[in-house]
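Visitor: The lines below spell out each chain.
Protein chains: 2
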Amino acid sequence: MSAARHRVVIVGGGFGGLFAAKFLRRAPVDVTLIDKTNHHLFQPLLYQCATGILSEGAIAPPLRQVLRKHGNVRVELANVSDIDLDARRLRAERPLGPPLEIEYDSLIVATGAAGSYFGHDEYATVAPGLKTVDDALEVRARIFGAFEMAEMEEDPEAQRAWLTFAVVGGGPTGVEVAGQITELAHRSLKRNFRRIDPASARVILFDAGPAVLAAFGNKLSATAERSLERIGVEVRTGTRVNEISYRDITVEGPDGPETIPCHVKVWAAGVTASPLAAMLAKASGAETDRAGRIAVLPDCSLPGHPEVFAVGDMMSLEKLPGVAEVAMQSGIHAARTIKRRVEHGGESQPFKYRDLGSMASIARFSAVVDFKGIRVSGFPGWLMWVFVHLTFLTGFKNRFTALYRWVTAFVGKSRDERTISIQQASARVIAARAGVRPGEEDLSRFVERQPTG
Amino acid sequence: MSAARHRVVIVGGGFGGLFAAKFLRRAPVDVTLIDKTNHHLFQPLLYQCATGILSEGAIAPPLRQVLRKHGNVRVELANVSDIDLDARRLRAERPLGPPLEIEYDSLIVATGAAGSYFGHDEYATVAPGLKTVDDALEVRARIFGAFEMAEMEEDPEAQRAWLTFAVVGGGPTGVEVAGQITELAHRSLKRNFRRIDPASARVILFDAGPAVLAAFGNKLSATAERSLERIGVEVRTGTRVNEISYRDITVEGPDGPETIPCHVKVWAAGVTASPLAAMLAKASGAETDRAGRIAVLPDCSLPGHPEVFAVGDMMSLEKLPGVAEVAMQSGIHAARTIKRRVEHGGESQPFKYRDLGSMASIARFSAVVDFKGIRVSGFPGWLMWVFVHLTFLTGFKNRFTALYRWVTAFVGKSRDERTISIQQASARVIAARAGVRPGEEDLSRFVERQPTG
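Which chain is which? The protein sequence lines are A and B, in order. Using numbering that gives the first Met the number 0, the letters of the first sequence correspond one by one to residues 0 to 452. Using numbering that gives the first Met the number 0, the letters of the second sequence correspond one by one to residues 0 to 452.
Worth flagging that the hints you see were computed from the coordinates, not collected in a lab. We put the CB at the ideal spot given by N, CA and C, even for glycine. Incorrect hints may have been included.
With a Cα cut of at most 30 Å, we get these calculated DSBU-like pairs of lysine-lysine [unchecked claim]:
id: 1; chain 1: A; residue 1: 21; chain 2: B; residue 2: 189
id: 2; chain 1: B; residue 1: 189; chain 2: A; residue 2: 412
id: 3; chain 1: B; residue 1: 351; chain 2: B; residue 2: 281
id: 4; chain 1: A; residue 1: 21; chain 2: B; residue 2: 412
id: 5; chain 1: A; residue 1: 396; chain 2: B; residue 2: 189
id: 6; chain 1: A; residue 1: 21; chain 2: A; residue 2: 371
id: 7; chain 1: B; residue 1: 68; chain 2: B; residue 2: 396
id: 8; chain 1: A; residue 1: 338; chain 2: A; residue 2: 189
id: 9; chain 1: A; residue 1: 189; chain 2: B; residue 2: 68
id: 10; chain 1: A; residue 1: 351; chain 2: A; residue 2: 281
id: 11; chain 1: A; residue 1: 68; chain 2: B; residue 2: 189
id: 12; chain 1: A; residue 1: 412; chain 2: B; residue 2: 68
id: 13; chain 1: B; residue 1: 412; chain 2: A; residue 2: 396
id: 14; chain 1: A; residue 1: 396; chain 2: B; residue 2: 338
id: 15; chain 1: A; residue 1: 189; chain 2: B; residue 2: 338
id: 16; chain 1: B; residue 1: 351; chain 2: A; residue 2: 412
id: 17; chain 1: A; residue 1: 338; chain 2: B; residue 2: 189
id: 18; chain 1: B; residue 1: 281; chain 2: B; residue 2: 68
id: 19; chain 1: B; residue 1: 338; chain 2: A; residue 2: 68
id: 20; chain 1: B; residue 1: 21; chain 2: A; residue 2: 189
id: 21; chain 1: B; residue 1: 412; chain 2: A; residue 2: 189
id: 22; chain 1: B; residue 1: 412; chain 2: B; residue 2: 189
id: 23; chain 1: A; residue 1: 351; chain 2: A; residue 2: 218
id: 24; chain 1: A; residue 1: 396; chain 2: A; residue 2: 68
id: 25; chain 1: A; residue 1: 21; chain 2: A; residue 2: 68
To spell it out: a stretch of chain A is covered by chain B in this simulated footprint if at least three of its residues, at any positions, have a beta carbon under 8 Å from a beta carbon of chain B; those stretches are [said to hold, decoys possible]:
id: 26; stretch: 24-30
id: 27; stretch: 49-61
id: 28; stretch: 64-71
id: 29; stretch: 137-150
id: 30; stretch: 191-204
id: 31; stretch: 309-319
id: 32; stretch: 411-417
Given only the sequences and the hints, what does the whole structure look like? Please build it.
Guide: In structure tokens form, the structure reads like this:
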């Protein structure tokens, strides 16, 4: 790499950032990709990691490995804390050593969005979201742990509370996770227990709006609701959450308020843009929307800063949805704009989103797909879902692994990733039981730590 | 199940306990299997979980799942705290509710052994062992995290310390983990980094005795040492560990004492029997040996208590080694004795170990095997290693998964399980750097917690 080359910095290794970096492979630029984790995350399959179908490795390949043959890309494990648009420089904290100070000629910010509790951050410890690998492992341990606790419980009411699963939010993630908890209870855990019947588990999907998968249109939305109910999910639309505690969830729906004893809650209700969106908005004078996303110009750049792009879930542009496909395409668009400028100069083009449709899987052999107004559901929809997800999974081996795991989980019954580590086994369930926050109680009563612990 | 049936309690779901429970499938007995984790653990492949080849699910199938078709077996998640041999009753703590109080007619205790630091338990946080799933995930994060830290480090000496890996103990686990760290550094991480060359990593295997794999005999031991050195492992026999800290390891060998700066240390040097061995010894008047194992009668039962058996790694009998094969066979022996007594009555038989040989893999395509004096090494040894491990892995799917991962890791180069979760990424490395114990430092500087965290 020569120092005189055009320097591109990409912040975030999700779909937007990774696809931008890949696109720049043959461009005459030096790329630095900064992420605070060591992996790209295939978020659309995170719910499968949480429900024991896929291992974390299958959906979270290391960025370095994915980009190893991209000789012009350097990956930095760091957390961006400041961006100086005028000096074209940013600062990122690292786990060791002084902060990384790095200058750019072009900048792509693609740090996405995190879950939002709409002002109730105190729900975070009682109702984890599904945005990171940590979230998925946490939810996995809670789900499988709850069945263990129910088996141990002698009081039928308390048992019932362990076997009640609340999912908040009827978007794709909420629908998929509710569907998968139901399937694992009915199929995968069959004959595993002696006192409880896992199939008696109650899975309730709450949404404040009038329908699940509202973005898919009335027809598919109704199909999805029917499919969910057929496999055993209780769908409660028009129902808002008033309160979540360790022991229960209080909701208010058409029939008035109700408190449901329930240990495992999964939050899939809202997102809020990465804090970098607000930082960039303030520095460039751009607006942010209600979800904290930054309003970008039609070419995804910032007002007054044609060299800075915000892409994916953190950008607000023509009401584009916060989906992987928008992130990929906008990341590539920004990268293409940079490549063209460096190679030929000239005007940038507005970003045009090619809508490849949206899809959500309900259960095995059942998915809903909206493809340019063509709506497909049931088994044909599920085949499309399989095809598309295999296509976009990063790496041949991860594709093969996912396909194999799907065959064993959906044609067979097994979930191969049900291991609860000792740490996971104990903290949450004891804490939930005792009504304290994890970490506050001395766990030594149960967990006989190995000398190696 | 009828209350009048003979009640067998098995403590521990490792090789001894699981195979005993399986053997009793068609016996007229009711079995309760108690374990403090939810899984059986295939310990001989734990080092592959630690080095990114296998997911935890592949080596730790849930006990309930493995035993789901054994209608006479009930699995309890609990930690045995007291055994009353006279009353034939035991007590086990559970994560919730009152302790489990359970009576038995026959008891098999198979709680194995944990790592031993020979009186230096303070090494536990700086040099984890490889005995549990938690250990493997911890070691995995440390190994892959160290390469990340080295890439970040600017001082060459500090970089060197991150790229130096010390493995203490030259038995099969030590040899295998040293071999695999070397292979991943040389092959799997190729082209992943821009500043460091992962292949420059230094892997040092220490053993206080005169040779690695001493139990395999002089010839194989020498072969193993040559194979290790050929792939790049520094083998330091006759070298004892004087001190381990966060930053370095001090050893004393033929050339005198030496302090080697080194962040990642793995302890594979000694084992100590489960505390239940001492408890049983005290109650029955049996002896324990130096490793805390209980001296059992020739039929694996306790003196004065023909209805109580101690099997596997926790028993001391005819100098049998602490290997999976002994645990399996002795577990089955105890189960067979119980079945015979219940069905026909009569004398018990002494346990006769059928030595199926020992083996250790050095690297891809290279293993040493000792089979009744027939000694095989290199590729033929490795094929035997593959065959035997596939045979004993629990479950067809885990076998298939392992085989597939071995093909991709050994014929190809990839390690599919390299994900470091945010929690893992930070705590250890910052702590190591700062010289503090994990958890003591405020990690918020690096880890921007999601609201879901």
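Visitor: Give a verdict on every hint.
Guide: Checked hints:
1. A/21 with B/189: Distance of about 18 Å is within 30 Å: holds.
2. B/189 with A/412: Violated, because 38 Å separates the two Cα atoms, which is more than 30 Å.
3. B/351 with B/281: OK: residue 351 of chain B and residue 281 of chain B at ~26 Å, within 30 Å.
4. A/21 with B/412: With a Cα-Cα distance of about 21 Å, the restraint between residue 21 of chain A and residue 412 of chain B holds, given a limit of 30 Å.
5. A/396 with B/189: At roughly 17 Å apart (the allowed maximum being 30 Å), residue 189 of chain B and residue 396 of chain A satisfy the hint.
6. A/21 with A/371: Holds, at roughly 27 Å.
7. B/68 with B/396: holds (17 Å)
8. A/338 with A/189: violated (55 Å)
9. A/189 with B/68: Holds, at about 10 Å.
10. A/351 with A/281: holds (26 Å)
11. A/68 with B/189: Distance ~10 Å between residue 68 of chain A and residue 189 of chain B Cα, so the pair holds.
12. A/412 with B/68: Holds: residue 412 of chain A and residue 68 of chain B sit about 14 Å apart, inside 30 Å.
13. B/412 with A/396: Holds, at roughly 11 Å.
14. A/396 with B/338: violated (46 Å)
15. A/189 with B/338: holds (28 Å)
16. B/351 with A/412: violated (39 Å)
17. A/338 with B/189: Within the cut-off at roughly 28 Å; holds.
18. B/281 with B/68: violated (37 Å)
19. B/338 with A/68: violated (61 Å)
20. B/21 with A/189: holds (18 Å)
21. B/412 with A/189: Given that 30 Å is the threshold and the Cα spacing comes to 38 Å, the pair is violated.
22. B/412 with B/189: holds (9 Å)
23. A/351 with A/218: holds (27 Å)
24. A/396 with A/68: Given that 30 Å is the threshold and the Cα spacing comes to 17 Å, the pair holds.
25. A/21 with A/68: holds (10 Å)
26. 24-30: violated (count 0)
27. 49-61: holds (count 8)
28. 64-71: holds (count 3)
29. 137-150: Three-residue rule met by the stretch 137-150 of chain A, so holds; n is 4.
30. 191-204: Our answer is that it holds, as 3 residues pass the Cβ test (under 8 Å) against chain B, meeting three.
31. 309-319: violated (count 0)
32. 411-417: holds (count 5)
Hint compliance for this structure: hints 2, 8, 14, 16, 18, 19, 21, 26 and 31 are broken, all remaining hints hold.
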